[in-house]
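Protein sequence lines correspond, in order, to chains A and B.
Residue numbering for the first sequence follows this note's numbering, beginning at 17 and increasing consecutively.
Residue numbering for the second sequence follows this note's numbering, beginning at 17 and increasing consecutively.
Treat the hints loosely; a few may be bogus.
[As the list claims (entries may be wrong)] Derived EDC-like pairs (lysine to aspartate or glutamate); straight-line CA-CA distance at most 16 Å: (1) B/Lys-418 / A/Asp-415; (2) A/Lys-45 / A/Glu-422; (3) A/Lys-418 / B/Asp-336; (4) A/Lys-418 / B/Asp-415.
No wet-lab data here; the hints were simulated from the structure.
The residues making up each chain are set out below.
2 protein chains.
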Amino acid sequence: MPVNLPPPDPARLLPVPGITLGTAAAGIKRPGRRDVLVMTVAPGAEVVGVFTQNRFCAAPVSVAREHLAADAGVRALLVNTGNANAGTGADGIARARATCTALAERLGISALQVLPFSTGVILEPLPADKIVAALPAAIADLRPDNWATAAEAIMTTDTVPKAVSRRVTLDGTDFVITGIAKGSGMIHPNMATMLSFVATDAPVSCEALEAILRHAVNRSFNCITVDGDTSTNDACILIATGATEAAVIMDDADPRFLPLRDAVTEVMVQLAQAIVRDGEGATKFMTIRVEGGRDEAECKQVAYAVARSPLVKTAFFASDPNLGRILAAIGYAGLSDLEVERVRLYLGDVLVAENGGRAAGYREADGRRVMAAPEIEVRIDLARGTAAATVWTCDLSYDYVKINAEYRT
Amino acid sequence: MPVNLPPPDPARLLPVPGITLGTAAAGIKRPGRRDVLVMTVAPGAEVVGVFTQNRFCAAPVSVAREHLAADAGVRALLVNTGNANAGTGADGIARARATCTALAERLGISALQVLPFSTGVILEPLPADKIVAALPAAIADLRPDNWATAAEAIMTTDTVPKAVSRRVTLDGTDFVITGIAKGSGMIHPNMATMLSFVATDAPVSCEALEAILRHAVNRSFNCITVDGDTSTNDACILIATGATEAAVIMDDADPRFLPLRDAVTEVMVQLAQAIVRDGEGATKFMTIRVEGGRDEAECKQVAYAVARSPLVKTAFFASDPNLGRILAAIGYAGLSDLEVERVRLYLGDVLVAENGGRAAGYREADGRRVMAAPEIEVRIDLARGTAAATVWTCDLSYDYVKINAEYRT
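Whenever a hint applies, use it, and build me the whole structure from the sequences.
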C-alpha cells in the first residue's frame, strides 16, 4: 500500500495544448490490460531527455537517444509496459525500430520523429507485432485529456498511477505543466529514472529546456532510491510544445526562466516522491537530509548510503529506533576523513547522536514516537561545510521480497 | 536455516598449543547465555589484525588498534556479544579500557597486552561492570580445547557456530590452524569482517604473519556480502604462537611460507563462506565469479554489484531465473566503457546471455534446473582481460526482513 499517495484525480490533470494521448490493450503480459501508450507532440515543440547510465541500456533507450540526436523534430512517443526490450541485443534494436516505423506510417511522419520507450521484464523478446497491432486503437483514442489513463498504461509493479499538474503564470500568461511517471522497483536513478514524461505548453528553446531538465532531474529523480538497482530503461522526457502563444524563452536571462524551471522541478519532485511512496512493499516514506557537507556530492553520498542500507530500511519497517544502523551507514559511506565526533543525527526533531555517541538528552520513547509515523525525516549534520542534499526512500518490508520473488509468476 | 552448514564437530576442532579459551555468562542481553570469551596467548606469540574501515568504528576497535600499535606483546583477547560498544563516543572508549584493565589485573599482565572486541547492538552503553563480574568464571574455564564453546559465545544472529581446523605439515613438522568467526548480518567487509580469530602454533615473524593475513583476508572475508552493510566492529585477528618448536618463518623466501599461507587462507575461506551460508535469512549460497576483467578490482566491482542487488537476491530466493536482473546489475556496476555485446553470462554450466541478449541455445528449463539447487554459481565473462575475482553471497528472503525488523525485540 503506497504511503500517503492517493490516485490522481483525472479532473485535476490539466491537458497540455499541443499534446494528445491514446492507449490500447496489446496483450503483452496480460490480456485486456491497457499496456500501450501513444503520445503525439505538435510540430515545432522542443523535446529533451535524460536516460539511464546503465551499460546494459535497453534497445528503446538506444533508439530514443539516436532519434533525439537526429534532430528531426519529435512528433510522437510510443511507450509499452510488460516488456523492457532490454538485454535483447541487435534483435531488440530492430524490434524497437519496427514499432517506430509502424507508428510513423500511421501518423504520416518519419520514424526518426518517434521516440520509443519500454518497461517490464528484461531478457525477453519484445512482442513488436502485438504492439503494432494495437496502434490503430491507441491512435483512435488520442485525446488531450487522457493523462490519467496514460499514467495507468505505463505502470508495472506500481499500485497507483502517478500524475501531477501545475499551472504557472509567466509574465501575465498562464501555462500548464503536466507529467506522468512510473516506477516502483529497480529504482536507483543515475542521471534519470524509470519512465517519466512531462510537458508544458510554454515556448522554450532547446538549450533552455535542457537546462531546466538537468536542474529538475538532479533535484527530483536523481534524489530517490527504492532498492539501489539502477534500471536499464530509465528515461525522463521534458516537452515544451509552445502551443500557447508567447515569446520563446531562449535562456536563463529571461525573467520567466526561473519560475518555469522551479515549477517543472516541483512537478518532477512530486512525481519522484510518488515513485518512492509507491516503492515496492513500502510502508514508510523517509526523507534523508544531509547538511554541513563540503559539497553536494558528499552529502548525497552519505544520504544514499543511509537510504540504501537494508538494515536501516528494515528498522524503519519495524518502527524500531535502532539508530546505530544509521551511524554505521554514515561511517561506511566513503568519507575517509569524516570526524564522527562532530556528526549530529536527528530523527525528526529529536537529537539522537552527537560527540560520537548517543545524545545525552535522547530518550528511546522520543525515537519511537517519530518512527511510528508513516513519514519520517532523518537529518544528518556533518559539520564540515555548508552544502546539503536530500534523498527520498522507503522502507524494506516483507512485501518487497514477495513482490520481487513472485515478479514473473 | 543455514545453507549446507552443519555445526562444527567439537572433536574435530584441534587445540592450538599456546592458546587457551574460557567463556562465561555475563547476562549482557539474555541471562544465562555465555556471552563473554577470554582467549589467552602464550608469551612470544605474534598477533596481527585487520579492522573495519567504517569511520564510526566501535570503541573496542580503536582500543585494539592502539594496543596492537603499542607492541607490548598481546597476551589476551576479551570478546563480548550482545553489545557492540559502537556509537558510544569517549565513554565507550573508557568502558573498553576498563574491561581490558580488569582482565589484565586478573591475569597479571598489562592492559596494553589485552585486545578487546564487541559485537551486538550499536548506540547503547557497554555494560562493562557485567563483563568484569563475569571474568573470574571465564578465567576459571580457560582450556585449550574450548574452541567450540568459544565459537558459540561470540554469536549474535548467527544460527550456527563457525569454527574450522586444519593440520599443515611444514618441513616435516605438523602444525595446527584453528579459527572461529561470527557474523550473519551487516556483512559487507571492507578490509576485514565481523569477528574472526585464527591461531596457529607455527612460529612466524610479525612481517610474514602480516603478509599471510593480508593475502588470506583478501581472498576470504573481503569476498563476501550478505546485505551490503559494513559493520562498525569488523575485526580479523591472526595469531602465531610459535608454541611448537621450529625455526621461525621470517618471510616469503622460507619454503614453508606458501603452504602455511595457503592453509590459513583455506581456513579463512571456509569461515567466510560459513558466514554467508548462515547469512540472515539465507536459503541459497551463491558464488559470483567474474572473469576476463582488466584487473581484479573491476572484477570484484562487478561481482559485488550483482551480489548486492536486492532484485538479483530475491530472484534467487524464488528460484526464478529472472536473469535480466543480473545483466542490469552488471550494467550499473560502474564500468563506463564496458562493451555489453562481449559479455557472457553463465548460470552454473548454462550459457544464458551473449551478444547483448539471451543466448540462442538458452532454455528457461535449464535456468530453472540450476536455480533450484541450494548452491548456485553465476559466472560472468567480461571478455576484456585476464583478471578474475570471486565473491560469495546469499539470497534475500522474508526471514532477512523478519530478523532485522525484530532484532531488538
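Hint check:
1. Restraint check: the Cα-Cα separation between B/Lys-418 and A/Asp-415 comes to about 11 Å, which is no more than 16 Å; the hinted pair holds.
2. At roughly 15 Å between alpha-carbon atoms, A/Lys-45 and A/Glu-422 fall within 16 Å of each other, so this suggested pair holds.
3. Restraint check: the Cα-Cα separation between A/Lys-418 and B/Asp-336 comes to about 12 Å, which is no more than 16 Å; the hinted pair holds.
4. Taking the CA atoms of A/Lys-418 and B/Asp-415, the gap is near 11 Å; set against the 16 Å cutoff, the hint holds.
Hint compliance for this structure: every hint is met.
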